[in-house]
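Trainee: Residue strings, one per chain:
Protein chains: 2
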Amino acid sequence: MTVDQTVTRRGRAARVAELAARKTADQRPVRPGMVGGRYQPLTQPEVERIHHTVLDLMEQVGFADAIPSMVALVTAKGGRVNERGRLCYPRALVEDIVAGAQRSFVMPGFLPEHDMEVGGSRVHTGTGGAAPTVLDFHTGHYRDSQLLDVYDLARLVDTLDNIHYFWRPVVARDTQTTLDLDLNTAYACLAGTSKHIGVSYVNGTNCRAALDLFAMASGGESKWRARPFGSISCCHVVPPLRFAVESCEALEAAARGGMCITLLSAAQAGATAPAALAGTIVQAVAETLAGLVFVNLIDPLCRANLGTWPFVSDLRTGAMTAGSPELALVVSGCAQMARFYDLPGSVAAGMTDSKLPDAQSGAEKAYTLALAANAGSTLIMESAGMHASLLGASYESYVIDNDILGAVQRTVRGIEVTDETLSFEVIKSVVHGEGHFLGEAQTIERMKTDYVYPGVGDRQTTAAWAEQGAQDVRERARTQVRQTLATHYPEHLDPALDAKIREHFNILLPRAAMRPSDRW
Amino acid sequence: MTVDQTVTRRGRAARVAELAARKTADQRPVRPGMVGGRYQPLTQPEVERIHHTVLDLMEQVGFADAIPSMVALVTAKGGRVNERGRLCYPRALVEDIVAGAQRSFVMPGFLPEHDMEVGGSRVHTGTGGAAPTVLDFHTGHYRDSQLLDVYDLARLVDTLDNIHYFWRPVVARDTQTTLDLDLNTAYACLAGTSKHIGVSYVNGTNCRAALDLFAMASGGESKWRARPFGSISCCHVVPPLRFAVESCEALEAAARGGMCITLLSAAQAGATAPAALAGTIVQAVAETLAGLVFVNLIDPLCRANLGTWPFVSDLRTGAMTAGSPELALVVSGCAQMARFYDLPGSVAAGMTDSKLPDAQSGAEKAYTLALAANAGSTLIMESAGMHASLLGASYESYVIDNDILGAVQRTVRGIEVTDETLSFEVIKSVVHGEGHFLGEAQTIERMKTDYVYPGVGDRQTTAAWAEQGAQDVRERARTQVRQTLATHYPEHLDPALDAKIREHFNILLPRAAMRPSDRW
Numbered sequence: 001m002t003v004d005q006t007v008t009r010r011g012r013a014a015r016v017a018e019l020a021a022r023k024t025a026d027q028r029p030v031r032p033g034m035v036g037g038r039y040q041p042l043t044q045p046e047v048e049r050i051h052h053t054v055l056d057l058m059e060q061v062g063f064a065d066a067i068p069s070m071v072a073l074v075t076a077k078g079g080r081v082n083e084r085g086r087l088c089y090p091r092a093l094v095e096d097i098v099a100g101a102q103r104s105f106v107m108p109g110f111l112p113e114h115d116m117e118v119g120g121s122r123v124h125t126g127t128g129g130a131a132p133t134v135l136d137f138h139t140g141h142y143r144d145s146q147l148l149d150v151y152d153l154a155r156l157v158d159t160l161d162n163i164h165y166f167w168r169p170v171v172a173r174d175t176q177t178t179l180d181l182d183l184n185t186a187y188a189c190l191a192g193t194s195k196h197i198g199v200s201y202v203n204g205t206n207c208r209a210a211l212d213l214f215a216m217a218s219g220g221e222s223k224w225r226a227r228p229f230g231s232i233s234c235c236h237v238v239p240p241l242r243f244a245v246e247s248c249e250a251l252e253a254a255a256r257g258g259m260c261i262t263l264l265s266a267a268q269a270g271a272t273a274p275a276a277l278a279g280t281i282v283q284a285v286a287e288t289l290a291g292l293v294f295v296n297l298i299d300p301l302c303r304a305n306l307g308t309w310p311f312v313s314d315l316r317t318g319a320m321t322a323g324s325p326e327l328a329l330v331v332s333g334c335a336q337m338a339r340f341y342d343l344p345g346s347v348a349a350g351m352t353d354s355k356l357p358d359a360q361s362g363a364e365k366a367y368t369l370a371l372a373a374n375a376g377s378t379l380i381m382e383s384a385g386m387h388a389s390l391l392g393a394s395y396e397s398y399v400i401d402n403d404i405l406g407a408v409q410r411t412v413r414g415i416e417v418t419d420e421t422l423s424f425e426v427i428k429s430v431v432h433g434e435g436h437f438l439g440e441a442q443t444i445e446r447m448k449t450d451y452v453y454p455g456v457g458d459r460q461t462t463a464a465w466a467e468q469g470a471q472d473v474r475e476r477a478r479t480q481v482r483q484t485l486a487t488h489y490p491e492h493l494d495p496a497l498d499a500k501i502r503e504h505f506n507i508l509l510p511r512a513a514m515r516p517s518d519r520w
Numbered sequence: 001m002t003v004d005q006t007v008t009r010r011g012r013a014a015r016v017a018e019l020a021a022r023k024t025a026d027q028r029p030v031r032p033g034m035v036g037g038r039y040q041p042l043t044q045p046e047v048e049r050i051h052h053t054v055l056d057l058m059e060q061v062g063f064a065d066a067i068p069s070m071v072a073l074v075t076a077k078g079g080r081v082n083e084r085g086r087l088c089y090p091r092a093l094v095e096d097i098v099a100g101a102q103r104s105f106v107m108p109g110f111l112p113e114h115d116m117e118v119g120g121s122r123v124h125t126g127t128g129g130a131a132p133t134v135l136d137f138h139t140g141h142y143r144d145s146q147l148l149d150v151y152d153l154a155r156l157v158d159t160l161d162n163i164h165y166f167w168r169p170v171v172a173r174d175t176q177t178t179l180d181l182d183l184n185t186a187y188a189c190l191a192g193t194s195k196h197i198g199v200s201y202v203n204g205t206n207c208r209a210a211l212d213l214f215a216m217a218s219g220g221e222s223k224w225r226a227r228p229f230g231s232i233s234c235c236h237v238v239p240p241l242r243f244a245v246e247s248c249e250a251l252e253a254a255a256r257g258g259m260c261i262t263l264l265s266a267a268q269a270g271a272t273a274p275a276a277l278a279g280t281i282v283q284a285v286a287e288t289l290a291g292l293v294f295v296n297l298i299d300p301l302c303r304a305n306l307g308t309w310p311f312v313s314d315l316r317t318g319a320m321t322a323g324s325p326e327l328a329l330v331v332s333g334c335a336q337m338a339r340f341y342d343l344p345g346s347v348a349a350g351m352t353d354s355k356l357p358d359a360q361s362g363a364e365k366a367y368t369l370a371l372a373a374n375a376g377s378t379l380i381m382e383s384a385g386m387h388a389s390l391l392g393a394s395y396e397s398y399v400i401d402n403d404i405l406g407a408v409q410r411t412v413r414g415i416e417v418t419d420e421t422l423s424f425e426v427i428k429s430v431v432h433g434e435g436h437f438l439g440e441a442q443t444i445e446r447m448k449t450d451y452v453y454p455g456v457g458d459r460q461t462t463a464a465w466a467e468q469g470a471q472d473v474r475e476r477a478r479t480q481v482r483q484t485l486a487t488h489y490p491e492h493l494d495p496a497l498d499a500k501i502r503e504h505f506n507i508l509l510p511r512a513a514m515r516p517s518d519r520w
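Protein sequences appear in the order of chains C and H. When the letters of the first sequence are read in order and numbered with this note's numbering, they come out as residues 1 to 520. When the letters of the second sequence are read in order and numbered with this note's numbering, they come out as residues 1 to 520.
Okay, chain C solo, but in the shape it has when bound (with noise of 0.2 Å):
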């Protein structure tokens, strides 16, 4: 078949569109778990370097605060309590339990379609946060975050393709006690997506009764110990090296009852960490290396990430800021290390200083998720939503970074090198033929495989542009938020399970509010 036959110019509109369409998972341009790893901010000696110092740092420094089952478990193993009372770590332990860790398995979603194969590079993106505080979509103004901003922002992250995961993004500042407070949250985040879902625990009570309430949803613990479709968000150490004794109870909890983890160490650089960049990624590698070890002496089948989330601050201030080029490096260079052990970690990344989605929440974002992807992020939080340094999340930025990760899983995809694509041959022919790729086969067929298309990026002409209203980006993206949120009401929980769980549970979010209504 020629070229001529294939294609032809008039026909090529409808053709484009058809094609466009007509796309399997496997055609998709970016999935889930894209192959990272092209960047690279540190060389093999200096990974090395750094893996060193972290095992000294375990072996001599050692860590405060352990709790009594964790000094068992460790100390059984060959660990010490030191003479300042700090839990410490033989190199042959810590490189044991790497060795023997979990490198790949599966974290699913609610629904199978969901289900993320972590490991190796490949790179997932999803949300996080507990921020307290929300950009109103009405008003315009911030103000206390609510369990009803947990529902709707996971009902919106359900809709968007390059969100893979649900973390709670803010926390539910109406509720009263800390149980209702997680318990609520949990269920607010399944009942909004399908998809994966991450909360914190305060406490081991707390995890106990989320796991409770997971095993009803997924009709059985054993069912639920098969698909574990939620993970705990554990900051388990208060940094520098110092456990925190509640939220080390609500991991050992998340362990036994099969929960996927994230072992977070969220230490800011210049003040809770060292300024100098390697220092910092030193001590998140050797916080989340610890909670590693502990996780795996309970179940070495656990599902655990090292979840190197090192924030940066603003020296002149003290202040975290989330958005600057010092973070980039140093969750870039977490990512290498986490590929350096082989095991699944996560940084957080595409977080903006900014309160406003604007050009600088634009630029934050995108150069933290293009460089934390490209160097191989498993897992990348906090990579939609979130603006002023991690304190606030506004609804369009949901809608924006989508587009944003789009991008950026693309690029991590990378540039395919074959005989076909080096295109000697396609390029002779239009040289010797009309002079232009357009109509050419390759083009169509890439057009489908290749490329990515924004969903409320503009690329139209100036003038359509502005015929159109001349509107920035938050506005189309305000146009998709209100669409979506009037519409999509996720429908996966069994309104029968529904009703058990809220016989069994004090579930705050009214049913009510689970229905298309005018309040979107």
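Since the hints were made in silico from the structure, they are not lab data. Quick caveat: nothing in here was measured; it's all calculated off a predicted structure. Take the hints with a grain of salt, since some may be wrong.
If chains are identical, the list can't say which one is meant, so a pair holds when it fits in one copy or spans any two.
As the list claims (entries may be wrong) - Here are the simulated lysine to aspartate or glutamate pairs, DMTMM-like style, with alpha carbons at most 25 Å apart: (1) Lys448 with Glu416; (2) Lys428 with Glu95; (3) Lys428 with Asp314.
Please build the complex by placing chain H on the supplied structure of chain C, with the hints as guidance.
Mentor: Just chain H now, kept in the frame of chain C:
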């Protein structure tokens, strides 16, 4: 000296302010020429496959429309004109030229403080473009660009540290002849900034006229040749693989006149280059190498860079996209090819399809820049100010993008790994001490050397930001644009010299526009 003697909490703010101010060039966290290369989208075998396909293309397919002087030079060195009239390059000739070309040279500023040492993986970022419109600063609507815009944008860029050189970004559409256009563009650039400037010339005559102007501005031809502060940005090819006759004549004039040279191939993947990204890289490299052969046969000491500037089509419409992830990939791949040849190269990155400075523009600029810079691009053109898929420029964006460029350059600088930065002793001391790094000597020291601070980027608390008017970054940038353009009228051109230039050339920029007035 102990930590407590070095710094007390009380005096910290004052000391911090003092230290931040006391920065020599060496101490600045970023400077022109940070060394990139840690992002490598291509493997070494892939780089070599591209190289061999390039040589095949140059040898077997060749180029249409070579000008007589080019044919003479190339055929004298073993090239041949094939049966289709295309100029073909033997592999040995291309390899010899690559081996002999200048690998590292100075691209001087008009003032020596702006000299750039290009070569290796040293990254420089500057402007570029030939936009026919600007987003009017006062009305907020797009309008035709004018000569005054060239001058005002040059003045603005003159003050922005992270924009290292000034290529004319917009077309002076208020000029009547191409000679007036080219000469006045050159003059407006030169008058507006003492940084290295770049201009396109329609033909050899115009380029020779500009050379005369530059020689006069330098104080004589030999002084110009010693410090050629101007570049030609020369689209010597009309892709695919066809020379642009008049531009090749301009190129020849530039090479003979000692001008710095960007050998510019500006194809569009899916339209004038293959839709397969590897093929687009192949074609861009072949086209720029053909230019390199020509200028090196004219002058083996010429200061030329491989201007691989592929753009990308939105294959739904055939329109150009300048902010797509596919663009980030092809330009990074091109940067890696220039590294393979160990020759200075340039790419276009930091553009956007968005019409406004918004979250889309921030993101598209940032991820394309972050990857192109970390790939080790010698010169990143179009890296500030450009919108609307290169069809428009925005004053505000130069200021916003200067922040983005500072951040990106910080990521290029990377993570320093030394015994000191690994921070074992610092961590140990803090852990055993007061538990906080903010007062550590290391922190104070690193603050001034390692951390980049944004100019218009907001890092305040939400409350402080709201109190100050809840501005987005565009509004803050507008303030800076207005302040700069109302006051910054560079005076590096001596008035007597300027008068002489005006005597000899038809300078259209009124002297009155070059002094403070109420127009800003």
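Trainee: Now look at each hint and say whether the structure bears it out.
Mentor: Against the structure, the hints come out as follows:
{"no.": "1", "hint": "Lys448 with Glu416", "in the structure": "within (15 Å within a copy, 42 Å between copies)"}
{"no.": "2", "hint": "Lys428 with Glu95", "in the structure": "between (55 Å within a copy, 22 Å between copies)"}
{"no.": "3", "hint": "Lys428 with Asp314", "in the structure": "between (54 Å within a copy, 23 Å between copies)"}
When the structure is compared with the earlier hints, no violation turns up for any of them.
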